[in-house]
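Here's the letter readout for the chains.
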Amino acid sequence: MLGSAVIVFRETLEAALIIAIVLGASRGLPARMRWVFSGVGLGLAGSLVVAFFAGTIADAAQGRGQELFNAGVLLVAVSMLAWHNIWMSGHARKHAAEMQSLGHDVLTGSKPLSAMLLVTALAVLREGAETVLFLYGLFAGGADHMDLLLGSLLGLAGGATIGALLYFGLVRIPLGKFFKVTGLIVLLLAAGLAASAANYLVQANLLPVLAEEVWDSSALLSMESMPGRILHVLIGYVDRPSGIELVFYLVTLAFIGGMMRYMAARPVAKPAAA
Amino acid sequence: MIQILSRIAFVAFLALSTQAGAQSSTDELTLTIKDHRFSPTELTVPAGKKFRIVVDNQDATAEEFESKALRVEKVIPGKKKATINLGPLKPGSYAFVGEFHESTAKGTLVAK
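Chains as they are written, first to last, in my numbering: chain A, 2 to 275; chain B, 129 to 240.
If a hint is listed, it holds; no wrong ones were tucked in.
Once the Cα atoms are required to be at most 16 Å apart in a straight line, the calculated EDC-like pairs of lysine to aspartate or glutamate come out as:
1. 218/B x 214/A
2. 209/B x 184/B
3. 178/B x 214/A
4. 177/B x 213/A
5. 234/B x 225/A
Covered, in the sense of this in silico footprint (three residues per stretch, anywhere, with C-beta under 8 Å from a C-beta of chain A), are these stretches of chain B:
6. 195 to 203
7. 206 to 218
The following residues of chain A were derived to be distant from chain B, with all beta-carbon distances above 10 Å:
8. 81
9. 84
10. 155
11. 175
12. 176
13. 181
14. 185
15. 266
If you are wondering where the hints come from, they were derived from the structure by calculation, not from laboratory data.
The C-beta atom is built at its ideal place from N, Cα and C for all residues, glycine as well.
Hey, can you work out the whole structure from these sequences and the hints?
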């Protein structure tokens, strides 16, 4: 039972942290719960499909299908997070003062919540497909079904708890600073995901690694440890980063950060008379 | 400007073509998964060189080859083979596991 609980917990953790960030970052948007949890539902349905076609995906593109698929999923998530952050920066001054105007912009269609739905769905999809394959393996291997069910629920509850803790920690940030802080968190999350995508592209032999190991801080903070895993999701911490991972991380950080500054510095557009 | 660009393009082309050339002479090792165990449990590879591991999963169910040290995560469906591109590595030992059966599926890669 414990074995399945541990794996399900690990896989749930990453998705739960991303969902918590998405919920925090979309605070004040109407119907965001419905959007984000639709994303979870879509992601779960998608993981069943991906797990079912795991063999086909793995064999695609001369055996590089899985790496390309993962890199693609990550890069789409990065661009959605980037879009969200850049859009938010353009509206930050307005809605820090009054949340309603943000809701107004969403309702009038200048900010589709579909970006956040997609980020959620992709996070669940990536982790979910692995969980499905793992659980199916135990199931087919004749593990006790009750044990398996209890273990999975326990793991799921653990991951969800950590996600909830992060979310409730986020919403305690005073409103004045809230979007600055969540903007920074989303920025770091996006940079970390971009670095992971680079790593998959190296595995697919599409990118040079540049330097196998730029530093080794595994003795200080190992990626096998719980803090290491959480920081990996949140800020993209890697204990032995490769050169290309650093390049992707920094370029993503600089690009989104630069666009955010540019958008924030633009004069605020007068709201059109409705 | 155009001259600089074309020079960069030429260097990039050279780098890519040497990389492609190196690929054909890449070492290939086989790692078998059976009854949720790896064999061999220790693989020796040359340090400072690219290499490939073909993982042959003879079990009926999927396994995930995972190594934090090597930064690899790859699901190998049941009764399938998968290729993992690695290296060049610094000399040292790198642990890997089958994440779905971590208590039995363990191994080490030694780069010399």
